[in-house]
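Using the hints, position chain B against chain A.
There are 2 protein chains.
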Amino acid sequence: MKLTVSRLYKYRDTLIRFRQIGMVRVFSDDLAEDMNTSATQVRKDFSLFGISGNKKGGYQIHRLIIQLDRLLGKDKTHFVIIVGAGNLGKALMNYGGFEEEGFKVVAVFDNDPRKISRKGKIPVLPVQGLERFIKARELDLGIIAVPYFAAQEVAGRMTAAGIKGILNFAPVSLKVPGDCFVSNINVQLELETVSYFAKIMKENKKHSQQKKAL
Amino acid sequence: MKLTVSRLYKYRDTLIRFRQIGMVRVFSDDLAEDMNTSATQVRKDFSLFGISGNKKGGYQIHRLIIQLDRLLGKDKTHFVIIVGAGNLGKALMNYGGFEEEGFKVVAVFDNDPRKISRKGKIPVLPVQGLERFIKARELDLGIIAVPYFAAQEVAGRMTAAGIKGILNFAPVSLKVPGDCFVSNINVQLELETVSYFAKIMKENKKHSQQKKAL
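If you're matching them up, the sequences are chains A and B in order.
Sequential numbering from 847 applies to the first sequence in the numbering used here.
Sequential numbering from 847 applies to the second sequence in the numbering used here.
The following block holds chain A by itself, in its conformation from the complex:
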């Protein structure tokens, strides 16, 4: 289910690119090719959400984007808080990519008094006020960018205050209530994994070169 929803966002990105180059209609094959998937998968994904095309004419790009926008909640701005104003939190706070996609970071929280600041575009507030802030603004979305040992406590406080979706950058599995959805991104682990396989690729190459030299 998570994968299907991810694909819907990717279809939308692709459709927006198609529209930019002047395309008006699209067939499931075109979308499939651009996304390295099959036309059957594209049609299945859309039909699961009640979106249907026309066998001869395909899908109208403009209409399809509107349908996806409504479905995916892209027709309004989503407010997000970040907990953790360390390297990662600051990076995310200054990351322009979220606003482009309709997300607005409204505040960052930290437990270090030296990091608190109300002067910037996005305020950094004391974590003591976290629950009150979430409840007062009826926020649903939180990003966790604290060290691993603090992540579970932050998740507990977020969900108790009403957060329903967490993007977790801390390298730890969070335990949350059934009415909250968590997605994990572990940047270090991804780089470590890439590094591991790069090492293997390099060693394999050396071996085959040594064989050739013999």
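No lab work stands behind these hints: they were computed from the structure.
Heads up, some of the hints might be wrong.
Remember, identical chains collapse to one label, so a pair may be satisfied in a single copy or spanning two.
Stated by the list, open to error - Below, simulated DSS-like cross-link-like pairs (lysine-lysine); rule was C-alpha separation at most 30 Å, straight line:
(1) Lys-950 / Lys-936
(2) Lys-981 / Lys-1048
(3) Lys-848 / Lys-1048
(4) Lys-920 / Lys-936
(5) Lys-961 / Lys-950
(6) Lys-890 / Lys-1052
(7) Lys-950 / Lys-1048
(8) Lys-981 / Lys-1045
(9) Lys-981 / Lys-936
(10) Lys-901 / Lys-920
(11) Lys-981 / Lys-967
(12) Lys-950 / Lys-1045
(13) Lys-965 / Lys-981
Chain B only, in chain A's frame:
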């Protein structure tokens, strides 16, 4: 295979935490519990890489960490380049988390002359010199943080110059030679997916509350 390697890094993190609190030996059950997996899985993962414990005594933590370090290449520093000095590239450049794990970002490349700077701790260089830089330093690892439309070209140039592992932040599937490993992180897409499910969780709650009110 990618998942197994990811787990090895996670085992290592957990073992380092165990050592910090004074533990000397560990059983597969302890590791399994901390990582939400099974003891059988832990033993299987280790045995795949020739690491074995003792049924009565478990694993020696110190020795296990050394074995994992060697296996995972954590016993030396890995040099990395980043292509793209936009919001994301800058964020990654200033992200302290990499150095903690033995990665050193040696240079960032961009095609925008206004972003070029040799003054900072990490130089931002013109992308024209990318291939020469990679070859001269025999680098294996690259991070792609450019817009989607430039990512494939960058990946092609990286791999042609000898890069064997790519961490790709651009929202596009890269085509690379068979001797290069790619891992993708799509931060926006993850936040969008979290937002989608948060919306559903919230709507479900509203419905059940309305039912109660009737």
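Item to complete: Against the structure, test the hints numbered earlier, and report the numbers of the ones violated in rising order.
Response: Of the numbered hints, all hold.
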